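Enquirer: Protein chains in written order, with the numbering used here: chain A, 296 to 409; chain B, 685 to 795.
Since the hints were derived computationally from the structure, they do not count as laboratory data.
These figures come from a predicted structure and were not determined experimentally.
We put the beta carbon where it would ideally sit given N, CA and C, even for glycine.
It cannot be assumed that every hint is accurate.
DEER-style ranges, computed between Cβ atoms [as the list claims (entries may be wrong)]: (1) A/390 <-> B/737: 30 to 40 Å; (2) B/685 <-> A/360: 42 to 52 Å; (3) B/792 <-> A/405: 16 to 26 Å; (4) A/375 <-> B/696: 24 to 34 Å; (5) A/365 <-> B/696: 44 to 54 Å; (6) A/312 <-> B/739: 47 to 57 Å; (7) B/744 <-> A/377: 27 to 37 Å; (8) A/310 <-> B/744: 45 to 55 Å; (9) A/352 <-> B/726: 36 to 46 Å.
Listed below are the simulated DSSO-like cross-link pairs for lysine-lysine, each with C-alpha atoms no more than 30 Å apart in a straight line [stated by the list, open to error]: (10) B/755 <-> B/740; (11) B/755 <-> B/689; (12) B/752 <-> A/352; (13) A/347 <-> A/317; (14) B/752 <-> B/738; (15) B/689 <-> B/752; (16) A/347 <-> B/721; (17) B/721 <-> B/740; (18) A/308 <-> B/755; (19) A/308 <-> A/352; (20) B/689 <-> A/352; (21) B/721 <-> B/755; (22) A/347 <-> B/752; (23) A/347 <-> A/308; (24) B/721 <-> B/738; (25) B/740 <-> B/689; (26) B/738 <-> A/352; (27) B/752 <-> B/740; (28) B/689 <-> B/721; (29) B/721 <-> A/317; (30) B/738 <-> B/689.
Covered stretches of chain A (in silico footprint by chain B; criterion: 3 or more residues with CB under 8 Å from a CB of chain B, positions within the stretch not fixed) [to be verified]: (31) 308 to 321; (32) 361 to 369; (33) 377 to 389; (34) 397 to 404.
Each chain, letter by letter, is given below.
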Amino acid sequence: AAGVIQSPRHLIKEKRETATLKCYPIPRHDTVYWYQQGPGQDPQFLISFYEKMQSDKGSIPDRFSAQQFSDYHSELNMSSLELGDSALYFCASSPMGTRADTQYFGPGTRLTVL
Amino acid sequence: DQQVKQNSPSLSVQEGRISILNCDYTNSMFDYFLWYKKYPAEGPTFLISISSIKDKNEDGRFTVFLNKSAKHLSLHIVPSQPGDSAVYFCAAVTSYGKLTFGQGTILTVHP
């Protein structure tokens, strides 16, 4: 079965650079969630989209922005990168009308900021 | 402000025995709870969930218990298998879809 695809899987950037993370949800899933997991920490909710509209927002820095496109894929744009942005970034998707137990996670993108 | 807490960073169990992972929460608005399993370099995998209107949900070797008055839930794995060794996250939901995770418990099942 198709799963959530995230690209790239690994990304290395310098401080103050920008990064773009991509998420391709499972086919027919119209809701996308982004989470950030720092070293030794639990995943923290960043932002979510339903039908290309932002549906909820968590602890996402103003330097970050995200959007969902007409094909339901989503991109997380990160600017003025800081050392503390180094983390695993997970994307999850779910179909409309379901509870969070159908939230399927991608393998994550490991971002390292040097 | 950790609204979902897993106070045991690690748990070691012998194969065939029961594994009990615990989770406490503080936000009484949580109405749905989930357990995820995570291997290194992979995303969390959904295991089992429970609604706040129930006190038990069972799926094969996995059973989740919810004690709403104590704001406590637990995941029982019986019998434990070496392949169960992973990090287990407890998560809770208030508003639709957004997950609040606990810190995770590393489960090691010894053959």
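Enquirer: Please go over all the hints and tell whether each is borne out by the structure.
Expert: Now the hints, each set against the structure:
1. A/390 <-> B/737: 30 to 40 Å: violated, 23 Å
2. B/685 <-> A/360: 42 to 52 Å: Given a distance of about 25 Å, which is not inside 42 to 52 Å, the answer is violated.
3. B/792 <-> A/405: 16 to 26 Å: Since the Cβ atoms of residue 792 of chain B and residue 405 of chain A sit about 24 Å apart, the hinted range of 16 to 26 Å holds.
4. A/375 <-> B/696: 24 to 34 Å: Violated: the Cβ-Cβ distance is about 43 Å, outside 24 to 34 Å.
5. A/365 <-> B/696: 44 to 54 Å: At 49 Å between Cβs, range holds.
6. A/312 <-> B/739: 47 to 57 Å: holds, 50 Å
7. B/744 <-> A/377: 27 to 37 Å: violated, 44 Å
8. A/310 <-> B/744: 45 to 55 Å: Hint holds: Cβ distance 47 Å, inside 45 to 55 Å.
9. A/352 <-> B/726: 36 to 46 Å: Since the Cβ atoms of residue 352 of chain A and residue 726 of chain B sit about 26 Å apart, the hinted range of 36 to 46 Å is violated.
10. B/755 <-> B/740: holds, 14 Å
11. B/755 <-> B/689: The hint holds at about 11 Å.
12. B/752 <-> A/352: holds, 27 Å
13. A/347 <-> A/317: Given pair residue 347 of chain A, residue 317 of chain A holds - Cα atoms ~15 Å apart, limit 30 Å.
14. B/752 <-> B/738: Cα-Cα ~9 Å, so holds.
15. B/689 <-> B/752: holds, 15 Å
16. A/347 <-> B/721: Roughly 29 Å separates the two Cα atoms, so the pair holds.
17. B/721 <-> B/740: holds, 19 Å
18. A/308 <-> B/755: The given pair, whose Cα atoms are some 42 Å apart, is violated under the 30 Å limit.
19. A/308 <-> A/352: holds, 25 Å
20. B/689 <-> A/352: This hinted pair holds, its Cα atoms lying about 22 Å apart.
21. B/721 <-> B/755: Holds - the C-alpha atoms of residue 755 of chain B and residue 721 of chain B are around 21 Å apart, at most 30 Å.
22. A/347 <-> B/752: violated, 36 Å
23. A/347 <-> A/308: holds, 28 Å
24. B/721 <-> B/738: With Cα atoms ~22 Å apart, residue 721 of chain B and residue 738 of chain B stay inside 30 Å; holds.
25. B/740 <-> B/689: The hint holds at about 20 Å.
26. B/738 <-> A/352: holds, 29 Å
27. B/752 <-> B/740: holds, 11 Å
28. B/689 <-> B/721: Between residue 689 of chain B and residue 721 of chain B the Cα gap is close to 16 Å, so the pair holds against 30 Å.
29. B/721 <-> A/317: Within the cut-off at roughly 23 Å; holds.
30. B/738 <-> B/689: It holds: about 20 Å lies between the C-alpha atoms, which stays within 30 Å.
31. 308 to 321: violated (count 0)
32. 361 to 369: violated (count 0)
33. 377 to 389: That given contact holds, which follows from 3 residues of the stretch 377 to 389 of chain A lying within Cβ reach (below 8 Å) of chain B.
34. 397 to 404: holds (count 7)
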